[in-house]
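Can you build the whole structure from these sequences, using the hints too?
The lines below spell out each chain.
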Amino acid sequence: MLAATAIAVIRQHSLFAIVMLFGIYSLLSASIFVVLDAVDVAFTEAAVGAGISTMLMLGTLVITGHHERTPKHGPVLPLVVVMLTGAVLVWGTLDMPPFGAADNPVHQHVAPRYIEDSPQEVGIPNMVTSVLASYRAYDTMGEVIVVFAALVGVLALIGIREQKSPRPVSTTDDKPPRPVLQVMAKLLIPYIMIFALYVQFHGEYGPGGGFQAGVIFASAIILYVLTFGLDDAYALVAPSVLRPLAALGVLLYGGTGVVTMLMGGTFLNYSVLADDPVQGQLYGIIAIEFGVGLTVATVMMLIFYAFISRGEKAA
Amino acid sequence: MSMHLPALQVIIPLLLAAVIFLFNNARIAYIVSVAASWLCLAIAIQLLLLVNDGSVIEYAFGGWEPPWGIAYNVDQLNAFVLVIVSGIAAIMFPFSWRSIQAEIPASLHVLFYTALLLCLAGLLGMTITGDAFNFFVLLEISSLATYTLISLGKDRRSLSAAFQYLIMGTIGGTFILLGVGLLYTLTGTLNMADLAERIGPLQASRTLQAAFAFLVVGIGLKLAMFPLHLWLPGAYATAPSVVSAFLAATATKVAVYALLRFMFGVFGADFAYGEMHVELMLVSLALVSVLFASLIALLQRGVKRMLAYSSLAQIGYMLLGIGLANVSGLTATLLHLFNHALMKGVLFLALAMVFYRTGGSSMRHMSGLGRQMPWTMAAFVVGGLSLIGVPLTVGFISKWYLILASIERGWWPVTAVILVASLIAVMYIWRVVEVAYFKERPADLPTVSEAPLSLLLPTWTLVAANIYFGINASVTTGIAQNVAQTLLGGVQ
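Chains L and A supply the protein sequences, listed in that same order.
Per this note's numbering, numbering of the first sequence is gapless, rising by one per residue and ending at 317.
Per this note's numbering, numbering of the second sequence is gapless, rising by one per residue and ending at 494.
Treat the hints with caution; some may be incorrect.
Sample of chain L residues lacking proximity to chain A, with all beta carbon distances greater than 10 Å (derived) [claimed, not checked]:
| no. | residue |
| --- | --- |
| 1 | L17 |
| 2 | Q122 |
| 3 | L284 |
| 4 | Y285 |
Examples of chain A residues lying across from chain L (beta carbon under 8 Å, computed) [to be verified]:
| no. | residue |
| --- | --- |
| 5 | I13 |
| 6 | I14 |
| 7 | L24 |
| 8 | V58 |
| 9 | I59 |
| 10 | Y61 |
| 11 | W70 |
| 12 | L120 |
| 13 | F135 |
| 14 | Y149 |
| 15 | R158 |
| 16 | Y186 |
| 17 | T187 |
| 18 | L188 |
| 19 | G190 |
In case anyone wonders, no lab produced these hints; they're calculated from the structure.
No experiment lies behind these values; they were computed from the predicted model shown.
Every residue gets a Cβ at the ideal spot worked out from N, C-alpha and C, and that includes glycine.
So, in structure tokens, the structure goes:
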């Protein structure tokens with residue numbers, strides 16, 4: 003099915019349909035991850051791949067229009083490159099350790115300690131969170147900064163129009179009122195937000211964490227933007243409020259690291275945060291997960307605002 | 003605090019980027035960025051002094067010892083590159099303020115500095131890290147920031163150039179990720195030192211060969227190895243002047259370093275040369291890029307684009323040094339990392355000053371400038387001489403070692419190509435010099451005055467470095483030879 007969707011994406015010319023197919027593709031990948039027992043990855047893929055990126059691509063379509071232009075060059079060179087890459091991948095994987103075998107190097111070297119010792123060392127049952135937020139916390143901070151860098155890029159390129167749309171006609175005139183949608187949205191949004199908070203603070207125990215929570219929280223606001231319009235959304239949360247919050251999330255994460263440094267550990271060594279190292283780990287993880295959630299949520303909202311405010315101007 | 007130096011090297015610019023974004027004030031952003039770049043240079047020099055005896059500093063993040071946690075490993079090789087990158091930043095960041103006033107709208111200045119600091123942090127992080135996946139994360143940070151910086155160019159074509167780079171860069175990043183992923187399935191570890199140990203018994207594995215191929219192609223895209231170079235000329239030619247200068251002097255250097263680190267630090271010289279025969283590919287590609295890029299540079303109208311093609315040729319020299327696979331060759335590569343940063347830095351900064359005063363950087367804009375902007379053009383001439391490889395400049399030192407290496411190998415055609423390409427460099431630099439010194443300024447272009455001191459000072463610092471390290475090369479060659487011997491280890 004994954005392959006069929008991918009081929010459909012290539013054959014399709016309407017960009018709108020392509021975006022929808024991408025969403026399906028992501029959801030399918032997420033189910034594959036579930037089958038592979040990688041629940042946290044699946045959750046992220048579903049929230050980010052199927053959820054927010056579909057929304058953002060739709061936002062782009064509002065600006066660019068629905069149809070692709072005919073490409074200038076032929077498909078031969080890209081085809082050769084893709085075939086070659088595929089061939090090398092297949093050729094390389096033929097020799098790979100068999101999938102799922104217990105004596106694979108992957109299961110023999112680093113992973114056993116993550117699995118066996120993390121409940122005692124880090125003190126939380128979800129070992130994926132242990133790896134992300136403690137053993138390899140510095141990489142996760144890097145990822146948060148990647149998200150932040152994306153925001154910097156979007157703001158530099160298109161920016162957000164803060165002032166209300168200059169059109170003299172009020173927005174309700176040219177758009178039909180949508181009472182059903184609005185009531186439904188009002189019903190749904192609180193639940194989505196509560197779910198986001200649950201994912202945020204339950205990440206230590208079940209699948210989830212700051213990334214997923216941030217994305218889900220942002221999608222609640224995006225739903226609001228879609229049903230009530232940009233002006234109302236600005237009244238609810240203005241971009242000027244979100245902007246500093248995005249940087250604060252990064253600083254909360256990095257600041258946690260700086261504090262651990264000042265308290266005598268290495269960067270992001272939470273064990274020094276409390277007398278009991280395990281308790282310290284817990285404090286540290288909660289702090290950085292909150293930083294992740296804050297940055298991801300605000301960045302997603304800001305990027306969506308940027309696209310939509312551009313789109314309104316084009317319309 | 004000295005034990006934290008490796009972490010601070012990257013964390014200072016990384017977190018200050020968020021801080022200046024928070025303050026949202028252009029002047030604060032500028033001052034903080036300059037301070038950060040100077041701090042980084044101080045840390046980098048300190049680190050180089052600490053490891054100069056051949057020791058390795060390890061810094062374990064989160065207190066988890068590698069391979070479970072992420073570690074930074076500083077040795078002579080990457081401390082040397084750290085000094086190059088942060089040194090260039092320390093000179094160019096002060097330069098940037100005046101330069102961007104003329105090229106970037108005031109509302110975007112904070113974002114410019116945020117992206118610049120992120121880019122610096124990413125480049126430093128890629129250099130210092132001892133973890134293969136962490137390398138990828140920092141690569142993403144620096145790449146995203148770079149795309150942003152390029153797209154800020156005044157020239158509208160900078161948008162498509164940035165987009166092209168984004169597509170190519172993302173493909174490169176994906177290839178690197180695939181390579182790292184394959185390595186992980188083979189060994190179960192991501193730490194570079196640990197990888198090197200566990201790869202040893204796997205020499206004949208096809209997965210290992212595929213991983214090597216993906217990493218080399220991925221990094222090749224990033225360092226604009228011929229024929230993966232198509233993104234570079236457009237990006238350098240259309241980006242804001244100071245960004246072109248910064249990228250030309252640092253970004254490709256870090257990519258060359260990454261190639262060295264993976265080839266020698268992870269896979270090992272025996273595997274790279276003995277089994278993959280990477281030298282055949284590198285030498286042939288390098289020769290093509292040296293010759294063709296030099297010839298294309300000769301045909302360019304825009305001086306910035308000319309310098310971009312010349313950069314491609316210089317990257318060819320660096321790859322050639324790796325391909326020659328002997329100590330002199332690697333010494334030449336390492337020296338050229340440093341020396342090319344100095345000479346391209348000067349040339350691009352001189353162009354930035356021309357742009358600042360005349361609003362353009364084509365041959366036409368430069369005609370007759372020799373008399374009107376004497377200091378600027380003098381800097382350009384020194385940079386040009388260095389690029390050609392005239393004695394008493396740094397360019398001579400690295401070319402000397404490169405020629406020595408090719409003679410040691412007995413590869414006379416390679417020697418000939420290096421000499422021919424240097425002659426072509428004489429021609430394209432001469433074209434600019436001729437226009438600037440021997441042509442009258444066209445009547446329709448306004449007369450201009452010399453660039454302000456705040457721009458001249460950083461440029462002439464670099465000029466001085468070009469000459470100083472050209473006359474007194476013992477420090478740089480000492481380090482480079484040491485590192486080259488360590489890298490090649492038992493080979494030959």
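Going through the hints against the structure:
1. L17: holds, 17 Å
2. Q122: holds, 14 Å
3. L284: holds, 14 Å
4. Y285: With a cut-off of 10 Å, L:Y285 remains clear of chain A, as the shortest Cβ separation is near 14 Å.
5. I13: OK, holds: A:I13 within 8 Å of chain L, min 6 Å.
6. I14: Hint on A:I14: violated, closest Cβ of chain L at ~10 Å, above 8 Å.
7. L24: With Cβ-Cβ at 4 Å, under 8 Å, it holds.
8. V58: Constraint on A:V58 not satisfied, violated at 16 Å.
9. I59: violated, 12 Å
10. Y61: A:Y61 check passes; min Cβ-Cβ to chain L is 7 Å, inside 8 Å.
11. W70: Interface hint status for A:W70: holds (6 Å vs cutoff 8 Å).
12. L120: OK, holds: A:L120 within 8 Å of chain L, min 5 Å.
13. F135: holds, 6 Å
14. Y149: holds, 6 Å
15. R158: Result: violated, 13 Å to nearest chain L Cβ.
16. Y186: holds, 7 Å
17. T187: holds, 6 Å
18. L188: Since chain L brings a Cβ to about 6 Å from A:L188, closer than 8 Å, the hint holds.
19. G190: holds, 3 Å
In this structure, the earlier hints numbered 6, 8, 9, 15 are contradicted, and the remaining ones agree with it.
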